[in-house]
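Just so you know, the sequences run in chain order V and P.
Residue numbering for the first sequence follows this note's numbering, beginning at 1 and increasing consecutively.
Residue numbering for the second sequence follows this note's numbering, beginning at 1001 and increasing consecutively.
Just to be clear, a hint being listed does not mean it is correct.
Stated by the list, open to error - Here are the simulated lysine-lysine pairs, BS3-like style, with alpha carbons at most 27 Å apart:
1) V:K106 x P:K1373
2) V:K69 x V:K180
3) V:K101 x P:K1312
4) V:K57 x V:K69
5) P:K1112 x V:K106
6) P:K1286 x V:K37
7) V:K101 x P:K1066
8) V:K41 x V:K31
9) P:K1248 x P:K1224
10) P:K1194 x V:K69
11) P:K1112 x P:K1297
12) P:K1101 x P:K1248
13) V:K101 x P:K1373
14) V:K31 x P:K1200
15) P:K1373 x P:K1066
16) V:K57 x V:K37
17) V:K200 x V:K179
18) P:K1286 x P:K1248
19) P:K1200 x P:K1286
20) P:K1194 x P:K1286
21) P:K1194 x P:K1112
22) V:K33 x P:K1200
23) P:K1297 x P:K1248
24) P:K1312 x V:K106
25) V:K106 x V:K120
26) V:K57 x P:K1200
27) P:K1286 x V:K41
28) P:K1194 x V:K57
29) V:K199 x P:K1312
30) P:K1373 x P:K1101
31) P:K1312 x V:K200
Don't read these hints as lab results, they were simulated from the structure.
Keep in mind that this is a model prediction, so the values were computed, not measured.
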Amino acid sequence: MSKQEMFKDRNISEDYFFLDIEDYPTTPWEKFKRVVKRSLKGELFVGLWVVLREMIKFDIHTVQYPEEKLPIGPRYRAVHEMKRLWESGTERCIGCGLCEKICISKCIRIETRYDENQRKEVGEYSINLGRCIYCGYCAEVCPELAITHGGEYENASEQREHFILYEDMLTPIDDVLNKKQREFQGFGAITPHEDERLKKTPLAY
Amino acid sequence: MAQQPNRLRPFFENISYEREDNELVVNFGPQHPSAHGQLRLMLHLQQEQIVKAHPDIGYLHRGMEKMAENMIYNEFMPTTDRMDYIASSSNNYGFALAVEKLIGLEVPRRAKVIRMMILEINRLMSHLFWLATTALDIGAMTIFLYAFREREYLMDIMEGYCGARLTHAAIRIGGVPLDIQPDFLEQLRTFLGKLPQNIKDYEDLLDENRIWRMRMEGVGYISKEMALSWGCTGPMLRASGVAWDIRKEEPYELYDEVEFRVPWSDKGDNFARYRIYMEEMRESAKILYQCIDMYEKCVRDGETELMAHAPKYISAPKLDIMTQNYSLMQHFVLVTQGMRPPVGEVYVPTESPKGELGYYINSQGGPYPYRLKLRAPSFWHTGILTDLLPGHYIPDVVSIIGTTNIVFGEVDR
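Between the sequences and the hints, there should be enough to build the whole structure, so can you do that?
Following this line, the structure appears as structure tokens:
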């Protein structure tokens, strides 16, 4: 079949259906007839009834925002958090810099240095929340589940630049010790029950 | 009238217009609330009638095609969100599909089903938004409030899935980043249960409403030839007598496995487009019901993979990254250097809610695309305004712009 033929009888295909829209009136007499027909059908009252029905249902969903707040889901992407390890409470971030590399809006800045034991240590870590687009890529690439998003979304400020530092994002140590730290379930999280497919390396021989 | 602009006498756009007979030049936008973002229309008027229309675009230009040339493939994904920001996942999807075709990836079935659900949710969101804003432009504020209420449920579902309401970034090259949240299907079923009644309410309010009919019937007529020559796609084309839907013509994802039909009409005016949008919402609901069944079958069959397995291009799942050294190394290379698709070029069209959304990618084997071209439907639908508006009156402009459903993130890119 040539290409031209392919396009010829397209409109009778099973995949499509023709919308039956009645012809519009053209002559004044037809227009008048339609007005009368409509009025007798009470088209005005159909619309009024729909609105009235919604009104008397009292099915009101308005949230009085500053007083009441909707719960934020566990995957919500708002201001970042830095997590700690559950067992020891030490910081998870190893300073690899993947989040800085992937960041689309270049709002993450990380500086690392050697500590006294010649181990890598995170020095300055800041996120410019004014530039951040909350795409969730930093949480997605983090190999240690260290940087995640949190549920804190009320971060209006007076100027565009709004830097948040490592210490501000870090979970307080007491929260970890009291098991209050919440794991982020959104981008970059481990799929639940995925560890079941994992074969553990036999340690004992 | 030629002008010699200098620093003391800058170029005045309107001077030359004023000197021609008695045409009045009106700038419609770029801040007009019904101009759907940053559209500026220069309208030449004879009395109330438009004799010449000149859409002026570029007020939201961000240079996305150039940005893409300086980004690794994964990094570009959140940027595509900002094109058609009403249905951002459909843009993500188009890009992901193009790159997958370029590197020849097969996406796991479960990811495909989730993608389909996200795509159709986005289509519903976009159509509800279209209905709301168009009705508001024309003066039916009730519809605006009702349609936004329904859209809110969908946004909540998407928020639960990916954590964002507008710029989802919910699709990745090679699959989806997350499984759906536990209450996703339940929420979706509740919504779909209510949707037919909601659509019926909109139609009760609008279909027989004489003001709505007057603003819609016979206004903005696009003939078949005109639609084809201006490159219209999506509902704009289907309202003008061409049954054409990429989901049917070149089925991608699992669209050849679901049963749905695409409406078309030969009226070509605003009213036909309105009816097509309404019918498409019903069809989307049908697709979503089938997707729910498909997803449950995937769960029963024990298909758990969400990302394609291709270590050369796609990072391993997070658990592997955290436990296996080789996966971790791959992950570092893929994040810091980016994937390197083979040399080649690809054009992949998808049916976004507004029409044919196509991505052309030219890869020279490097981590950045050599050239990336976006074919956004709204751009072509803005172009047709030049030809469509003359002969209409000022109030018709608003309803025509409404039914063309142009979104300026997509036009200017």
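Cross-check of the supplied hints:
no.: 1; hint: V:K106 x P:K1373; verdict: holds (24 Å)
no.: 2; hint: V:K69 x V:K180; verdict: holds (21 Å)
no.: 3; hint: V:K101 x P:K1312; verdict: holds (19 Å)
no.: 4; hint: V:K57 x V:K69; verdict: holds (23 Å)
no.: 5; hint: P:K1112 x V:K106; verdict: violated (31 Å)
no.: 6; hint: P:K1286 x V:K37; verdict: violated (34 Å)
no.: 7; hint: V:K101 x P:K1066; verdict: holds (20 Å)
no.: 8; hint: V:K41 x V:K31; verdict: holds (15 Å)
no.: 9; hint: P:K1248 x P:K1224; verdict: holds (20 Å)
no.: 10; hint: P:K1194 x V:K69; verdict: holds (25 Å)
no.: 11; hint: P:K1112 x P:K1297; verdict: holds (13 Å)
no.: 12; hint: P:K1101 x P:K1248; verdict: holds (19 Å)
no.: 13; hint: V:K101 x P:K1373; verdict: holds (25 Å)
no.: 14; hint: V:K31 x P:K1200; verdict: holds (26 Å)
no.: 15; hint: P:K1373 x P:K1066; verdict: holds (9 Å)
no.: 16; hint: V:K57 x V:K37; verdict: violated (31 Å)
no.: 17; hint: V:K200 x V:K179; verdict: holds (26 Å)
no.: 18; hint: P:K1286 x P:K1248; verdict: holds (15 Å)
no.: 19; hint: P:K1200 x P:K1286; verdict: holds (16 Å)
no.: 20; hint: P:K1194 x P:K1286; verdict: holds (13 Å)
no.: 21; hint: P:K1194 x P:K1112; verdict: holds (26 Å)
no.: 22; hint: V:K33 x P:K1200; verdict: holds (26 Å)
no.: 23; hint: P:K1297 x P:K1248; verdict: holds (24 Å)
no.: 24; hint: P:K1312 x V:K106; verdict: holds (26 Å)
no.: 25; hint: V:K106 x V:K120; verdict: holds (23 Å)
no.: 26; hint: V:K57 x P:K1200; verdict: holds (17 Å)
no.: 27; hint: P:K1286 x V:K41; verdict: violated (31 Å)
no.: 28; hint: P:K1194 x V:K57; verdict: holds (15 Å)
no.: 29; hint: V:K199 x P:K1312; verdict: holds (23 Å)
no.: 30; hint: P:K1373 x P:K1101; verdict: holds (15 Å)
no.: 31; hint: P:K1312 x V:K200; verdict: holds (25 Å)
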